[in-house]
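Under the numbering used here, the residues of the sequence shown are numbered 2 to 88, in order.
Just so you know, these hints were derived from the structure itself, not from any lab.
A virtual CB, placed ideally from N, CA and C, is assigned to each residue, including glycine.
The reader is advised that the hints may include incorrect statements.
To be verified - DEER-style ranges, computed between Cβ atoms:
id	residue 1	residue 2	range
1	Ala-2	Asp-50	16 to 26 Å
2	Pro-85	Glu-47	36 to 46 Å
3	Leu-49	Val-86	15 to 25 Å
4	Ala-75	Ala-27	15 to 25 Å
5	Ser-10	Glu-47	27 to 37 Å
6	Asp-50	Thr-4	43 to 53 Å
7	Pro-3	Leu-49	38 to 48 Å
8	Ser-8	Phe-51	28 to 38 Å
9	Ala-2	Ser-35	13 to 23 Å
10	Asp-87	Ala-55	31 to 41 Å
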Amino acid sequence: APTRLLSLSRHSQGIYATRRGWFEPAVRLGDSGSAGQLAGWYHDLERLDFAEEALHFAESGIVLSRRLHTMCEAGDCLMQVAEPVDS
2 APTRLLSLSR
12 HSQGIYATRR
22 GWFEPAVRLG
32 DSGSAGQLAG
42 WYHDLERLDF
52 AEEALHFAES
62 GIVLSRRLHT
72 MCEAGDCLMQ
82 VAEPVDS
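Please model the complete structure; the sequences and the hints are all you need to start from.
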């Protein structure tokens, strides 16, 4: 596959944890994501009676990073999308 240049320059290109929990991604690295599309679910393991929270992309782009299935703390980056750069 040809090399593609991507830009990651805005905070809104990422999805971040707001509390302690578990992230379950709905997309894979290299997938295209559209603004508003489901990116994954966040599970609050301290409040098991709460349903998982659906997380959506704020911007469109290529999934550049994705947190593995593991515990997350507030502020952890869960996923990022980068936009292609026209050459």
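For each hint, the structure was consulted:
{"no.": "1", "hint": "Ala-2 / Asp-50: 16 to 26 Å", "result": "violated (45 Å)"}
{"no.": "2", "hint": "Pro-85 / Glu-47: 36 to 46 Å", "result": "holds (39 Å)"}
{"no.": "3", "hint": "Leu-49 / Val-86: 15 to 25 Å", "result": "violated (43 Å)"}
{"no.": "4", "hint": "Ala-75 / Ala-27: 15 to 25 Å", "result": "holds (21 Å)"}
{"no.": "5", "hint": "Ser-10 / Glu-47: 27 to 37 Å", "result": "holds (34 Å)"}
{"no.": "6", "hint": "Asp-50 / Thr-4: 43 to 53 Å", "result": "holds (48 Å)"}
{"no.": "7", "hint": "Pro-3 / Leu-49: 38 to 48 Å", "result": "holds (46 Å)"}
{"no.": "8", "hint": "Ser-8 / Phe-51: 28 to 38 Å", "result": "holds (36 Å)"}
{"no.": "9", "hint": "Ala-2 / Ser-35: 13 to 23 Å", "result": "holds (21 Å)"}
{"no.": "10", "hint": "Asp-87 / Ala-55: 31 to 41 Å", "result": "holds (32 Å)"}
In the structure shown, a violation is registered for the earlier hints numbered 1, 3, in ascending order.
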